[in-house]
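Trainee: Sequence:
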Amino acid sequence: MSVAIKPHFEDFSRLWSILPPRSKMHALYDILKTHRATTEDATKLNEKRNNLRRSIGDILKEESINQAQPIFTWIAKLLRVESSLATFEARQFLETSLIDIYHCCDLENPEAAHVELSQTPRTSVVEHWLRITQHGWDSPFKGDISLYLQDYFSASKTAGRLVDNEYPCWRSSKVCSGYRTDMRDLVLSIPVVLVIELERGDSARWNIPLTVVPQTQSAANDHGVIYDLVGFALFSKGHFIAHYISGTDGVYTHDGTTNGGRPIRNNQETLSSQSLPEGYQVHAVFYRLRGGVNAQAKFYELRTTHLRIHSPLRLTRLSVMHSTPTVSYCHPNFYEMAKKNRFWKDKPSEASTTEYLTHDRTGQLSTTEEFSRDQCKKCKYWPHFNCPEE
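This note's numbering runs 4 ahead of the 1-based position in the sequence shown.
Hints may contain errors.
As the list claims (entries may be wrong) - Think about it this way: if two alpha-carbon atoms lie no more than 35 Å apart in a straight line, the pair counts; the simulated DSBU-like pairs of lysine-lysine are: (1) K349 / K241; (2) K178 / K344; (3) K349 / K10; (4) K146 / K81; (5) K241 / K10; (6) K349 / K146; (7) K10 / K351.
It is worth saying that the hints were derived from the structure and are not from the lab. Just so we're clear, the structure is a prediction, and the values are computed from it rather than from any experiment.
Make the full structure from the sequences, and use the hints.
Mentor: Next comes the structure, spelled out in structure tokens:
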């Protein structure tokens with residue numbers, strides 16, 4: 005992480021140094037700052053690292069020890085625990101903002117289409133936990149991370165129909181007979197540091213490119229909207245080490261249990277997943293956005309412009325994100341549904357999603373949601389749809 009941030013540490017420091025001194029995010033910043041300072045000895049760095057580990061342990065103590073999770077889950081949880089307007093810009097350095105859009109058409113009333121989306125984007129830090137052997141979403145990429153990321157960052161995603169019976173309309177099958185089509189992981193903003201984790205044992209079958217272009221080639225050339233490979237987290241027999249490139253100094257390997265915890269320079273000029281320390285495999289890949297926060301802002305500007313022209317999605321902030329934008333669905337054939345009318349939800353007024361309905365040919369709002377509403381309200385089980393009488 006320290007190596008990935010290094011060229012953009014000035015911007016990182018500007019955003020993170022102003023956080024509350026007692027916050028866990030500030031503790032992480034303090035460690036990275038200490039690691040960067042040549043005057044600090046290893047003992048002081050280890051002391052700060054151990055203090056942060058104890059703090060992180062408090063965050064993770066409710067997690068099941070048997071639950072398989074990426075090794076950098078702690079970063080995501082740390083940012084989520086301290087999620088607030090005051091930490092928004094600092095978190096954006098490591099977070100991706102995404103939205104999911106759900107569309108459904110009632111099979112009994114084909115003209116009654118409805119759309120659901122979150123009012124605000126969700127965020128992710130550890131982007132992916134990829135398995136090349138997984139038969140679902142990543143099989144078309146055939147182990148090529150560049151192809152996977154090209155699809156992941158695309159603004160023109162194709163909605164996929166969920167044909168499994170476990171995925172009927174979000175309203176439940178008792179309200180709508182349709183099956184939904186989802187457009188998931190539509191990226192709105194990108195992080196300066198991109199982390200990709202691979203399923204253990206699969207790294208040898210992944211093609212890991214030196215660069216990734218998340219936008220257009222012109223944006224990469226003119227604004228630095230391009231990711232450079234900077235390091236790997238390597239795994240072998242229960243032990244993790246770091247393998248990274250440091251500027252023009254070459255490739256280093258860092259193992260905290262050898263050489264006094266100091267990195268060792270390798271006889272390599274570039275990183276390659278095909279040339280690793282014996283017995284190790286890639287568990288995580290680190291990319292750095294070449295243009296830093298300015299490239300991050302440019303990506304968001306280009307993405308919101310594209311969505312405004314080519315889709316019904318509208319965001320309240322069209323330039324640099326200083327706070328979470330609100331997302332809406334503006335289509336001439338759709339009308340925003342009042343939250344109080346979403347009777348299939350336990351607490352409709354507190355829902356984080358918004359739903360949009362089609363108008364019929366006369367211009368009147370479709371009334372699919374009136375399906376047995378009055379009947380249901382007479383039942384003590386309403387609106388949970390688990391009435392034993394049915």
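Trainee: All hints are to be evaluated individually against the structure, with a verdict given for each.
Mentor: Now the hints, each set against the structure:
no.: 1; hint: K349 / K241; verdict: 47 Å, violated
no.: 2; hint: K178 / K344; verdict: 19 Å, holds
no.: 3; hint: K349 / K10; verdict: 47 Å, violated
no.: 4; hint: K146 / K81; verdict: 31 Å, holds
no.: 5; hint: K241 / K10; verdict: 30 Å, holds
no.: 6; hint: K349 / K146; verdict: 40 Å, violated
no.: 7; hint: K10 / K351; verdict: 46 Å, violated
Figure legend: structure checked against the earlier numbered hints; hints not met, in rising order: 1, 3, 6 and 7.
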